[in-house]
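Two chains, two separate frames, one set of hints: put the complex together.
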Amino acid sequence: GAVVSQHPSWVICKSGTSVKIECRSLDFQATTMFWYRQFPKQSLMLMATSNEGSKATYEQGVEKDKFLINHASLTLSTLTVTSAHPEDSSFYICSARGSGTGSGNQPQHFGDGTRLSIL
Amino acid sequence: SQQGEEDPQALSIQEGENATMNCSYKTSINNLQWYRQNSGRGLVHLILIRSNEREKHSGRLRVTLDTSKKSSSLLITASRAADTASYFCAAGTGANNLFFGTGTRLTVIP
Numbered sequence: 009g010a011v012v013s014q015h016p017s018w019v020i021c022k023s024g025t026s027v028k029i030e031c032r033s034l035d036f037q038a039t040t041m042f043w044y045r046q047f048p049k050q051s052l053m054l055m056a057t058s059n060e061g062s063k064a065t066y067e068q069g070v071e072k073d074k075f076l077i078n079h080a081s082l083t084l085s086t087l088t089v090t091s092a093h094p095e096d097s098s099f100y101i102c103s104a105r106g107s108g109t110g111s112g113n114q115p116q117h118f119g120d121g122t123r124l125s126i127l
Numbered sequence: 003s004q005q006g007e008e009d010p011q012a013l014s015i016q017e018g019e020n021a022t023m024n025c026s027y028k029t030s031i032n033n034l035q036w037y038r039q040n041s042g043r044g045l046v047h048l049i050l051i052r053s054n055e056r057e058k059h060s061g062r063l064r065v066t067l068d069t070s071k072k073s074s075s076l077l078i079t080a081s082r083a084a085d086t087a088s089y090f091c092a093a094g095t096g097a098n099n100l101f102f103g104t105g106t107r108l109t110v111i112p
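First to last, the sequence lines map onto chains P and H.
Residues 9 to 127 in the working numbering are what the first sequence spells out, letter by letter.
Residues 3 to 112 in the working numbering are what the second sequence spells out, letter by letter.
So that you can see chain H by itself, here it is in the shape it has in the complex (with noise of 0.2 Å):
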């Protein structure tokens, strides 16, 4: 079953504008990790973040998790048009499982 949602569902900005999405969750985590699709596409593994750390960076993107409000954000700064998928987060709660959220389509307008 899904554990997590995010906001907001669909996000449309313009090239070079910083991209935001958030991600709540509902059980104890032992890290979030953020997954980007392409149309019929599999996902791409972007970041983990682990329940012990704040705020994570790689590259463009920025992550941050607050566990007392069980949320996570994603931030994509000087969005490029070849960011436009589908971005997920997914709650890591132990040894297997990972559960998704609701996802959000990002599209960047060149």
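For reference, chain P alone in the conformation it holds in the complex (with noise of 0.2 Å):
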């Protein structure tokens, strides 16, 4: 089956630094990655919606100064939380969807996720 890879799955770091996550499509092409953040024992929050090779669509409420997209491939998207505090502190989920057409109808593919615990 498809296979999304999410890197790193826990980070730790200081307030004030940003941190980098990826999102690879390992054996197929993604034109539409989706950013989620979930809160313990809570559902999954669409971020972002991100194209290959166009600007991320953000959902209300989302800074997207604070969380950058990058889709710069049909097998990754990376989310950078810039200058990340506490309050960012969460489960960040990826996940990727096929091409073509009929798309909409096709399941989304999962990464195991990311645990970030900003000190």
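Hints are supplied without guarantee of correctness; some may be wrong.
Claimed, not checked - When the alpha-carbon atoms are kept at most 20 Å apart in a straight line, the in silico EDC-like pairs for lysine to aspartate or glutamate are as follows:
id: 1; chain 1: P; residue 1: 49; chain 2: H; residue 2: 9
id: 2; chain 1: P; residue 1: 74; chain 2: P; residue 2: 30
id: 3; chain 1: H; residue 1: 28; chain 2: P; residue 2: 67
id: 4; chain 1: H; residue 1: 58; chain 2: H; residue 2: 68
id: 5; chain 1: P; residue 1: 49; chain 2: H; residue 2: 68
id: 6; chain 1: P; residue 1: 72; chain 2: P; residue 2: 120
id: 7; chain 1: H; residue 1: 71; chain 2: H; residue 2: 7
id: 8; chain 1: P; residue 1: 49; chain 2: H; residue 2: 85
No lab work stands behind these hints: they were computed from the structure.
As structure tokens, this is what we get:
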């Protein structure tokens, strides 16, 4: 099946640093990738939709200057949390979906998530 | 923003019993998807049912969809301890977005 690799799986860093999270589709081309945030025992909240070669579309309330998204190729999207603070601590999950006709009726394939802890 | 709610929030059953989870959503959909999440991990896609379908099976999973009531259910038959996880429904509303429900935490007791 389709595999999405997310790296790193765990990050602990000091307040004020920037953290980059990578999301790679390993065996398929992902025109669209998604970034979610999940708080403990809660659902996934969509942060932004990333389309290859174009600017990401951010959900309401998500600061685009805080959460920088780059989708430079059909297999890689990155999320950079800039000047991270303790309130940014969370579980971040990416997903990818294949391209083509009917992609809206295709499932998303998820990475294993990145647990970010800001001290 | 979330578009779905799931019921119950938590479910505890004995191994071998069936588990039923319900999902309600708020908007028009192209499809309804169910995902599973083990603690601290990403989501695994279980099954997708299109808006013009009413029922779908995959192994021990059975999903129903009632678009008139904007609801779906996931039935896991003959549950196993390994089925312990959180289960999320997600409403597919268009070309891109999925809106996830609040999730049901299923515990299967050996």
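Tested hints:
1. Restraint check for residue 49 (chain P) and residue 9 (chain H): the C-alpha separation of about 15 Å stays at or below 20 Å, so the hint holds.
2. Only pairs whose Cα atoms come within 20 Å are accepted, and residue 74 (chain P) paired with residue 30 (chain P) is accepted, the gap being roughly 16 Å.
3. Taken as a hint, the residue 28 (chain H) and residue 67 (chain P) pair is honoured in the structure, with Cα atoms around 18 Å apart against an allowance of 20 Å.
4. Straight-line distance between C-alpha atoms of residue 58 (chain H) and residue 68 (chain H) comes to about 12 Å, which keeps the hinted pair within the 20 Å bound.
5. In summary, the hint linking residue 49 (chain P) to residue 68 (chain H) is not supported, as the alpha carbons are separated by about 27 Å, beyond the 20 Å threshold.
6. The suggested pairing of residue 72 (chain P) with residue 120 (chain P) is violated, with an alpha-carbon distance near 23 Å, which exceeds 20 Å.
7. Only pairs whose Cα atoms come within 20 Å are accepted, and residue 71 (chain H) paired with residue 7 (chain H) is accepted, the gap being roughly 13 Å.
8. Of the supplied pair hints, the one linking residue 49 (chain P) and residue 85 (chain H) holds, its CA atoms being roughly 17 Å apart against a limit of 20 Å.
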